[in-house]
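S.K.: The lines below spell out each chain.
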Amino acid sequence: MKRKDFLYLSGMGMGALMLPNLSAFGTPIDPLQALDGVDVRIKKELADVALNAAKSKGASYADIRIGRYLNQFVATREKQVQGVANTESYGVGIRVLADGCWGFAATNNVTKDAIAKAAEQAVAVAKANAKIQGEPVQLAPQKGYGEVSWKTPIEINSFEVPVKEKVDLLLNVNDIALQNGANFVNSVIFAVNEQKYFASTDGSYIDQDVHRIYPNFNVTKIDRASGQFKTRNSLSSPMGKGYEYMHARPEDKVSGIVTRYKGRYDMLEDVKEAARVASEKIKAKSVEPGKYDLVLDPSHLWLTIHESVGHPTELDRVLGYEANYAGTSFLTLDKWESKKFKFGSDKVNIVADKTQVGSLGAVGYDDEGVKCKKWDLIKDGVLVNYQAIRDQAHIIGLTESQGCCYSQGWDDVQFQRMANVSLQPGKEKLSVDDMIKNVEKGIYIIGDGSFSIDQQRYNFQFGGQIFYEIKEGKIVGMLNDVSYQANTQEFWNSCNAVCDESDYRLGGSFNDGKGQPSQSSAVSHGSSTARFNGVNVINTARKI
Amino acid sequence: MAILSKEEAQAILKKVVGFSKADFCEVSLRGSDGGNIRYARNAVSTAGQISTMSLGVSSTYGKKTGSATINEFDDASLEKVVRRAEELAMLAPENPEFMPLLGPQTFPESKTFNANTAAMTPDTRAEMVGKSLGVSKAAGLDAAGFLENSTNFNSIMNSKGLFAYNKGTNVSFSVTVRNKQGTGSGYIEQDFNDLAKMDTLALSKIAASKANGSAGAKAIEPGKYTVILEPLAASDILGNMFRGFDARSADEGRSFMSKKGGGTRLGEQLFSENVNIYSDPMNAEIPSSTWSGDGLPVKRTQWVEKGVVKNLAYSRFWASKKGVEPLPFSRGVIIEGGTQSLAELIKSTEKGILVTRFWYIRSVDPQTLLLTGLTRDGTFYIENGEIKFPIKNFRFNESPVIMLNNVEALGKPVRTGSGLIPPMKIRDFTFTSLSDAI
Numbered sequence: 001m002k003r004k005d006f007l008y009l010s011g012m013g014m015g016a017l018m019l020p021n022l023s024a025f026g027t028p029i030d031p032l033q034a035l036d037g038v039d040v041r042i043k044k045e046l047a048d049v050a051l052n053a054a055k056s057k058g059a060s061y062a063d064i065r066i067g068r069y070l071n072q073f074v075a076t077r078e079k080q081v082q083g084v085a086n087t088e089s090y091g092v093g094i095r096v097l098a099d100g101c102w103g104f105a106a107t108n109n110v111t112k113d114a115i116a117k118a119a120e121q122a123v124a125v126a127k128a129n130a131k132i133q134g135e136p137v138q139l140a141p142q143k144g145y146g147e148v149s150w151k152t153p154i155e156i157n158s159f160e161v162p163v164k165e166k167v168d169l170l171l172n173v174n175d176i177a178l179q180n181g182a183n184f185v186n187s188v189i190f191a192v193n194e195q196k197y198f199a200s201t202d203g204s205y206i207d208q209d210v211h212r213i214y215p216n217f218n219v220t221k222i223d224r225a226s227g228q229f230k231t232r233n234s235l236s237s238p239m240g241k242g243y244e245y246m247h248a249r250p251e252d253k254v255s256g257i258v259t260r261y262k263g264r265y266d267m268l269e270d271v272k273e274a275a276r277v278a279s280e281k282i283k284a285k286s287v288e289p290g291k292y293d294l295v296l297d298p299s300h301l302w303l304t305i306h307e308s309v310g311h312p313t314e315l316d317r318v319l320g321y322e323a324n325y326a327g328t329s330f331l332t333l334d335k336w337e338s339k340k341f342k343f344g345s346d347k348v349n350i351v352a353d354k355t356q357v358g359s360l361g362a363v364g365y366d367d368e369g370v371k372c373k374k375w376d377l378i379k380d381g382v383l384v385n386y387q388a389i390r391d392q393a394h395i396i397g398l399t400e401s402q403g404c405c406y407s408q409g410w411d412d413v414q415f416q417r418m419a420n421v422s423l424q425p426g427k428e429k430l431s432v433d434d435m436i437k438n439v440e441k442g443i444y445i446i447g448d449g450s451f452s453i454d455q456q457r458y459n460f461q462f463g464g465q466i467f468y469e470i471k472e473g474k475i476v477g478m479l480n481d482v483s484y485q486a487n488t489q490e491f492w493n494s495c496n497a498v499c500d501e502s503d504y505r506l507g508g509s510f511n512d513g514k515g516q517p518s519q520s521s522a523v524s525h526g527s528s529t530a531r532f533n534g535v536n537v538i539n540t541a542r543k544i
Numbered sequence: 001m002a003i004l005s006k007e008e009a010q011a012i013l014k015k016v017v018g019f020s021k022a023d024f025c026e027v028s029l030r031g032s033d034g035g036n037i038r039y040a041r042n043a044v045s046t047a048g049q050i051s052t053m054s055l056g057v058s059s060t061y062g063k064k065t066g067s068a069t070i071n072e073f074d075d076a077s078l079e080k081v082v083r084r085a086e087e088l089a090m091l092a093p094e095n096p097e098f099m100p101l102l103g104p105q106t107f108p109e110s111k112t113f114n115a116n117t118a119a120m121t122p123d124t125r126a127e128m129v130g131k132s133l134g135v136s137k138a139a140g141l142d143a144a145g146f147l148e149n150s151t152n153f154n155s156i157m158n159s160k161g162l163f164a165y166n167k168g169t170n171v172s173f174s175v176t177v178r179n180k181q182g183t184g185s186g187y188i189e190q191d192f193n194d195l196a197k198m199d200t201l202a203l204s205k206i207a208a209s210k211a212n213g214s215a216g217a218k219a220i221e222p223g224k225y226t227v228i229l230e231p232l233a234a235s236d237i238l239g240n241m242f243r244g245f246d247a248r249s250a251d252e253g254r255s256f257m258s259k260k261g262g263g264t265r266l267g268e269q270l271f272s273e274n275v276n277i278y279s280d281p282m283n284a285e286i287p288s289s290t291w292s293g294d295g296l297p298v299k300r301t302q303w304v305e306k307g308v309v310k311n312l313a314y315s316r317f318w319a320s321k322k323g324v325e326p327l328p329f330s331r332g333v334i335i336e337g338g339t340q341s342l343a344e345l346i347k348s349t350e351k352g353i354l355v356t357r358f359w360y361i362r363s364v365d366p367q368t369l370l371l372t373g374l375t376r377d378g379t380f381y382i383e384n385g386e387i388k389f390p391i392k393n394f395r396f397n398e399s400p401v402i403m404l405n406n407v408e409a410l411g412k413p414v415r416t417g418s419g420l421i422p423p424m425k426i427r428d429f430t431f432t433s434l435s436d437a438i
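Chains as they are written, first to last, in my numbering: chain A, 1 to 544; chain V, 1 to 438.
Honestly, the hints are just simulated from the structure, not real lab data. There are no misleading hints in this set.
What the simulated footprint calls covered on chain V by chain A, stretch by stretch (three residues with Cβ under 8 Å from a Cβ of chain A suffice, anywhere in the stretch; the number is not a length):
hint	stretch
1	41 to 47
2	93 to 103
3	124 to 133
4	145 to 152
5	170 to 182
6	364 to 372
7	388 to 397
Here a beta-carbon is modelled for each residue, glycine too, at the ideal position from N, C-alpha and C.
Only chain A is shown next, with the shape it has when bound in the complex (with noise of 0.2 Å):
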């Protein structure tokens, strides 16, 4: 056995059957074989065949996907492994415009037979369809490229480092949250790796190999004579790197009240960090409910960008095609017509980018065979764009794709999803000590927490994982059962200052869900710390 199998071997499978939401089936091959992916003339061969069967049986359109995917999940607990887990999963869908409607059918037998009857099959659900099909889909026009690769700039493919190293890695972490006073600790690497293959009608034959990775842990302080706990997260961000994100250098640090991270993570200063604020958070005081400014740091608010910024501005859900699932959205297409909505204030500058590099949604093409972009959606706080797909173009009179399509699975089909949404940086220099020092009554708040908003995107609430209390320009102490609640509109237009270019990092998730049946993608969101004055705070403490 080569050095590069065992390596790959040594976490091929354990664990899978611990995990039931990954997908877990796939033909067996060579691990070696994995890694470097299938030969594209294969896959240009295989492809032709459905593409050819598709429109042999009537299909105006057709487009096939053929994927490898790989997830290795290393996760542990106190001074154990509790599982390694490598899956795979590979097999090829295919997705056909007939009679108007759009037809899908996925295999996992990835031979020609299988795919020409699968193509078939496609065909035959969307002429089934049609009986009761309304307005017939109509597919902005898009140039083929022919034969083109696209690959996630890595310098380490987490793949091929050892599941050895690995472990001792979070061991270590486990260790570290012991000592400085943590009852109990959970750490994850999670690795992905997309094999994509996409071809069409059109005359695209484009081959992509993404990569991202998700380290994270959580640590848990417990005070037996009052029964109180308390948790902290990992300040790391998912990002579409290699495993080089593990390796971070001084300038990839933020100091400040704690360390954040920017460009790569160390996670056994985090984890230090974490046991010692867990401890401090069993005996911070309760927060007064009221009206604060409040100050958020990247790592926090890139999740209400997520949910009050990047759903609100997916054209399927302003349209109604989420209704029943994630809902609708408050930013109907009158508004932006008007084209004088002002969702924020003046210093509100959001724009939607595939192009980022390092972050999660980054690839070259998206899986309807669009070549991906960045456009503005908020423009000095005015509404002017959405995000939208081939069939929903013409609704906003694009003449192309903005290329938000994508599909978790190979068994799954496409349909529109977030592409990065990001807040820009503050035009002005401003740093996060600046911004604190005008803030007369206020919390900074650090990391991800509690999230949920309405069907419309109006009403949100949104916890987090350290709160600072901030009085008369200075942070004075922690505080507990920290939630704040607003407006989404309301809330954009109290932000009164973004810190500049130099505090911006990314926040993400790799796990949004969306659709039914329900699919989870990857996606970041970049910022500077900014401020929103005035937001209405409440308490959560509650007895039982």
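Got chain A; can you put chain V on it based on the hints?
M.R.: Coordinates of chain V only, in the frame set by chain A:
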């Protein structure tokens, strides 16, 4: 077709276990076959047909376990996956929580399979969705919905002679109906093992009626109100609590079931006296598998009796550590209720709020199980036993533990989600802010 009979599954599992050279070997084999239609704006948006089957092998030497999965079933592939699991077991660290395998067990035949549901086709689905679309189109409303059916089997075998098999079916339907002005919205969801019980026409009419009835909602002040939770709303909020009935996290001091000073709240009166909660895989309305994932028989279990916590779930490891019998938690929680209908509960209410469903429920504080979330798709003000007018949606901040202490009345339980849940009348339910969302 990815659905194997008991005998077919047993034959494959026997073969796989026969390939094992490890001290112990556990094998699982599962498959599902199903399809779906999704629709919105009164038209189909996506539809699919998905068929999958997979095999997992766990091999153990001493306390070192390795696992591998595969989805090809020729002899060479089956042997290959066993060898891969054994190779991993040799490389794995020792698992101090490894439990010896269970020997043969006896399980009653479950009632989870229904042949009509298993026979559903794309045409059946299109016809059922067509009925729903007929309601919304005729009423000048917009429908968005989802219909899905699946047949599945699950089986396990180990080298100590354990074998278990279960086959089941499910059909689920949900629809949101909105008026064209976007000022009213109604929702319904239902799932069954048996297709014959699913009436998409009748269900869509309820959602349409709520869409019309909820238009023009008035704002009333947030605060503490008596609420009548429809079974779906009650299920939404209580599902979070059931996950906390875990002995280990309670013993470790990090659960709402943990006791101040150490220990658990097992045996304590945690809820109102009229709260009785149990699970029973053989319940005809909500049948579930008669064995747990690790091969333990699942039996009728009383979790709460007259408000007292009677049982917590124990994994095999935690049970051995605590010297008690393992007790798996079961799908299909049943909350006993009364005989009153939802309409009767409304009639008996002087002032209150009727909640159709909740949305985006998240934990705010695991210590007290405080949850937040919002009402959605039909919230109404009740006065003198009648629904007076629709009201704007609220955000709540409430603990289900507090909620089950404030039970005034329980109606007749109905199957909803993964439970058999009654409509509930609850006093002093805490709404903290208003939402403009419709």
